[in-house]
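Trainee: Residue numbers (full-length UniProt numbering), protein chains in the order written: chain A, 1 to 215; chain B, 1 to 215; chain C, 1 to 215.
A few chain B residues that don't get close to chain C, going by computed Cβ distances all over 10 angstroms:
no., residue
1, GLU24
2, MET32
3, GLU77
4, SER83
5, GLY88
6, GLY90
7, TYR151
8, SER173
9, PRO176
10, LYS181
Here are the simulated lysine to aspartate or glutamate pairs, EDC-like style, with alpha carbons at most 20 angstroms apart:
no., chain 1, residue 1, chain 2, residue 2
11, C, LYS181, B, GLU214
12, B, LYS54, C, GLU97
13, A, LYS181, C, GLU214
14, A, LYS187, B, ASP177
15, A, LYS41, A, ASP110
16, A, LYS158, A, GLU58
17, A, LYS128, A, ASP110
18, B, LYS128, A, GLU214
19, B, LYS54, A, GLU97
20, B, LYS158, B, ASP70
21, C, LYS17, A, ASP177
22, C, LYS54, A, ASP79
23, B, LYS181, A, GLU214
24, C, LYS203, C, ASP27
25, C, LYS128, B, GLU214
26, A, LYS54, C, GLU97
27, A, LYS54, B, GLU56
28, C, LYS54, A, GLU56
29, B, LYS181, C, ASP182
30, C, LYS141, C, ASP68
31, A, LYS54, B, GLU77
32, A, LYS187, B, ASP182
33, A, LYS17, B, ASP177
34, C, LYS54, A, GLU97
35, B, LYS128, A, GLU24
36, A, LYS181, B, ASP182
37, B, LYS181, A, ASP182
38, A, LYS17, A, GLU198
39, C, LYS54, A, GLU77
40, A, LYS128, C, GLU214
Derived from the structure by calculation, the hints contain no laboratory data.
The model shown is predicted, which means the values in this text are computed figures rather than measured ones.
Just so you know, even glycine gets a beta-carbon here, dropped at the ideal spot from N, CA and C.
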Amino acid sequence: YLLFCFSFLIKGSVTIKTLVFPSETSDSYVEMVPLKPLQLKAFTLCMRLATELKGEREVILFAYRTGDYDELNVWRELDGRLSFYLSGDGVFFQVPELGALKTHLCVTWDSSSGAATVFMDGRKSLTKIYKKGHTIRAGGKVLLGQDPDSYLGDYDAKQSFVGEVCDVNMWDSVLPDRTIKDLVSGKRVQRGNVFDWETIQLKISGTVEVIHREL
Amino acid sequence: YLLFCFSFLIKGSVTIKTLVFPSETSDSYVEMVPLKPLQLKAFTLCMRLATELKGEREVILFAYRTGDYDELNVWRELDGRLSFYLSGDGVFFQVPELGALKTHLCVTWDSSSGAATVFMDGRKSLTKIYKKGHTIRAGGKVLLGQDPDSYLGDYDAKQSFVGEVCDVNMWDSVLPDRTIKDLVSGKRVQRGNVFDWETIQLKISGTVEVIHREL
Amino acid sequence: YLLFCFSFLIKGSVTIKTLVFPSETSDSYVEMVPLKPLQLKAFTLCMRLATELKGEREVILFAYRTGDYDELNVWRELDGRLSFYLSGDGVFFQVPELGALKTHLCVTWDSSSGAATVFMDGRKSLTKIYKKGHTIRAGGKVLLGQDPDSYLGDYDAKQSFVGEVCDVNMWDSVLPDRTIKDLVSGKRVQRGNVFDWETIQLKISGTVEVIHREL
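Chain A on its own, in the form it takes in the complex (with noise of 0.2 angstroms):
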């Protein structure tokens, strides 16, 4: 079914709507429509999410497919690292596991310099170089709690998304750092124009509760 919801503000508290993903599944995942098509030469890409998958698990975290690439894929490998892929070999960071606490996870990358960044909570790592003069195609699907190794098909319960995640946000810039530590805090000072999480178009498939909770 297709859902369209808005976020409120409370009395100075933001309540924002947050996706559950219940239990390993292989068949439950949420498709984002995006605004602008994804041919990008730099992106922002930001979300609140938690959890308690750890050990030997790798958990997709974000998924962009084209008819026959891993576009950019966001990853928690099996050591605990973050890293992401563009159509290829990775760049991986060593940070703090993930877990029950809500992390707020920026990944940035920008094809001119090849610098690619993470942030966890308004803190940036180093910065490493990869995939300098790439672009990200555009035609593609893009999906929260499975990696898909076909077109949209060859879900892996092992790699599925178990947890909650909320404020997806997508920029085709590179956001400053002022500014992305402005979104850890809540203020929405400048919204996504590739996702939007306020006004974003979201088709779910499986177990996946849509729940409203204080930012």
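The hints should help you fit chains B and C onto chain A, whose structure is shown.
Mentor: Quick look at chains B and C alone, frame taken from chain A:
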């Protein structure tokens, strides 16, 4: 002996009494005298603590026991998870390890929904449903430092608290997330109505040092 | 060669020079020229750093050596603990692991009380009593990147620093907790009187890149 003391406001910085448990014992503990009976259908319990105990070691963080029941015990589990127990099986949260850095920890629970969460330094966990409809019983005693396996007795050194703890406050309701964030940064927005650390009456047994530290 | 440079204020965001040690070596280091002799009965030493070295690996974070003594060495220990040594045995703190995310680290020590603490991103550790009455001797050299086992020599690649470090500042007193929190958020409330990163003179040896990054 009986201790009754206040915190002081000095040039914008707050000095607060802190309990230091310097070593593993089976007889050092602090009883906290509540402002009202602990017959509770909801609560927020907060404290600041640091402990370097780790590895395969349980650590009691808060113990409220009536004659026959562990009414509300908060633990650092063997595997590093945080948990709390309302007379029976507990609820567990995969969170960053406690350590030498002081952590502002809160636990919230609401009987009507069963919603249970923890906060570490203002970061909220995902929500778990636990003991919906339950009521915590009045008439017991609250201890820091030891877990009584019978009414005020049978302490186990291997579960005792070693480290520093202060700013233990408790409310008979679930505070808004925003209020908890304010507490972390030292804003005294709302004093605890079950325990208020600024005016609390403490009964100290064994070797526990009381010092004053900047918050 | 000799490096002497400034940080720039751009539209409310601060750009700061950052040292990148790209790989494990036994000959890459940076000497920092102090503003005054390091005859110290108290200090606060702060820096921002990120390193993905982990597992069974010692990492030198700051080394001040006179002819015969390691006067003040700050380490990431084999087991991930942070420590510092004032000519002899050290003091250890069980803290979250250093990693790819930049950490604002401070170490404070006061001879009169022996109080030793660390701060990570403004979070203060419990207090340890260490080397009460001791005085750090003047007349040595301060290095980033290597631990000299003799006076400016005998470097061990297996202890070298790999990663990014910037904003290294030092004071000859213990700063208030509040001031350290302000430093974390980038407020230049008080410039270091032993080392001031904004105007510091650096002498670089080996392969160390100097880049400018947003704070």
